[in-house]
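Number of protein chains: 2
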Amino acid sequence: MENDRLDPWGETSVDNYQRLHAEFGIERMDSVLPRFKNPSLHMRRGIDFGQRDLGRILDAIDNNKPFAVMSGIKPSGIFHLGTKMTADDMIYFQSLSKKATVFYAIADVEAYNDNGLSLQDSSKIAVQNVADILALGLDPERAVVYKQSQEIRVMRLATVFSAGVTNNMLRAIYGERQVGLYLSALIQAGDILMPQLPEFGGPKPVVVPVGADQDPHIRLSRDLANSFQKDFGFIPPSSIYHKLIKSLDGATKMSKRSSTSTFYLNEDPASAARKVMSGFTGGRPTVEEQRRIGGEADKCPIYDLYLFHFAMEDEYAKRVYDECYGGVRTCGDCKKELATLVKRYLEEHQKKRESLMKDAEELLEKSRKTLDSMAR
Amino acid sequence: MENDRLDPWGETSVDNYQRLHAEFGIERMDSVLPRFKNPSLHMRRGIDFGQRDLGRILDAIDNNKPFAVMSGIKPSGIFHLGTKMTADDMIYFQSLSKKATVFYAIADVEAYNDNGLSLQDSSKIAVQNVADILALGLDPERAVVYKQSQEIRVMRLATVFSAGVTNNMLRAIYGERQVGLYLSALIQAGDILMPQLPEFGGPKPVVVPVGADQDPHIRLSRDLANSFQKDFGFIPPSSIYHKLIKSLDGATKMSKRSSTSTFYLNEDPASAARKVMSGFTGGRPTVEEQRRIGGEADKCPIYDLYLFHFAMEDEYAKRVYDECYGGVRTCGDCKKELATLVKRYLEEHQKKRESLMKDAEELLEKSRKTLDSMAR
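Chains A and B, in that order, are what the protein sequence lines are.
The opening residue of the first sequence carries number 531 in our numbering; numbering runs sequentially from there.
The opening residue of the second sequence carries number 531 in our numbering; numbering runs sequentially from there.
Keep in mind that the hints were calculated from the coordinates and are not lab data.
Among the clues, some could well be false.
[What the hints assert, rightly or not] Partner residues are not named here, just some residues of chain A that face chain B (Cβ under 8 Å, in silico): (1) Arg535; (2) Trp539; (3) Leu626; (4) Ser627; (5) Tyr642; (6) Asn643; (7) Asn645; (8) Leu647; (9) Leu666; (10) Pro670; (11) Ser679; (12) Ser692; (13) Val695; (14) Gly710; (15) Ile717.
[To be verified] Chain B stretches covered by chain A per the calculated footprint, using a threshold of three residues with CB under 8 Å from any CB of chain A: (16) 548-557; (17) 694-703; (18) 740-752.
For each residue, glycine too, the CB sits at the ideal point set by N, CA and C.
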């Protein structure tokens, strides 16, 4: 966070989630959490810490009305643990109702602009990304997956929106930026609002699961939904925010660009296990001290990995936490235990993903055909 | 012109074309004119006053190599006389070689943004615009006509370009503008550079005929062609500039938005004739004075109409000019003569256009199918 602004393009950390409620009006989960019959792992563990208008999605679920779940990925790399969090949230919301449709944007134009990745290379990675999300549990029957570079509706919305915003509005949300980043923001607003176009059944609630740092895009989309209400009938999109996982190398934010900060879902399981073993922890300088006063799980990226991803049972996560603070668990043992979990998880995931590559290609192709056949 | 900048979105006049050579580096026609075997009406009469790299197009013609002719129309209104000038230039360049392909962009997204025209309404006007240009002589066999709202390649290029420009570059060309106008400029650069994409045969010379006030878009496109040379192999586009016709009501620039400043190609011929009769002239306060010292054809929008559009023979245009300055011709008679020409022209044009409406629809449809079937 910088100059009291969240930076969706930065590598900044969010160290105080409380501030986000007060300063940006992100609502707490309290008011909506009791309405979820089977709250997700992220919800139960406080990883999903905030929301905007999530009640609208719960209403749709309760009344068996259609809604959309929207998010995207920049195919500049393979799924890593941050991407997995958003994917997990999407899959969770898709599972809550037969009337939920997932819209999944592959931001290949952004990957070209930010990372110099050619559209052809993006295309190859995109298939792997889709196989990843299928392996995580996405139901392809109620999913539309598209590449930004091929979806004229998104680009058209971005252009239309560009005429409805002022530089001052954009500066207030994002700070002074180059026009390329402003356009990138408008394209994301296009992604978020596209599910409400007539060809997709018209205005409907949409939930966007994102990391806390992406809230500026949500605010812009909500502002635009209001500004263009008259022409499009948009309902302001809802959102749910997850905390950002701590970087394995002790850096401030889990970043796709640093290979030591995280591991990838397609990474050699042994390599991922090694990264865990050499990871930064919340431990004390000596084992003796750790035994005496306990470790600090709240500051520990290794504990985050248990909490966010690899301790599937809440009880287990709680036990790791308590044992850490109680001085029962030392960092060495804790890492070894996690390394085994990670290795096993990756082996299974990669097997599953491999078997789903053809399904991924089919989903991309089916979506493309559906989108192309619709009135434009 | 304002703050030493040309304003492509303004209603400003260009009063001194000489300045454009010195200040913006627009080259004179002298060096290339002798190479045209049959110079166009605009060229012969000095209406086309400048160019950039037009020699490249002449080389392509001489060597029987492919080149493109690119321009567009915002379908916020029917063809008027300014639009006709660009169309005449496009048709002229298309006629110079069997290897010339016209790319004609219908800027419906801009029409929505600037004029609030729905895409459906644009679509109806677009058919009429295309019928107009067919009636003016476009060969549909070597023409690609597309709506910006449907052409993902243009939008994709605009996005890619947005990441390669800085706000300072855009400010230097356009002044401080809202992001919507910057994006609109980048989209126009996308239009101009699209003919060089691989699916259209790759890099090639492109000539863009424009009014003098549109030079900023040409400069931006040429800068971008250089910046993205490595990835796309772009050849900087060539351009040819025509003078702006004087407004019939004496205002500074012929504008689409003022109904008294011009007439439309679909206008009731009697109404157009009436506009001519009540038009502003370069005449003297009294007939007596006019007889004595002559009129001022160079300041006269009525003379411009002869020169730019309705005196088909050079001899005739010259005679009108000489008779005006010689005091032989009075404004009343001069207008009556023009009104008759205009009425006859519109009647014929409208008959031709009516008979070409179906061809226009077919051209739009054929282009759409061709573009959709190409690799994206």
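Structure versus earlier hints, numbers of those that do not hold, lowest first: The structure breaks hints 1, 2, 3, 4, 7, 8, 9, 10, 16, 18; every other hint is satisfied.
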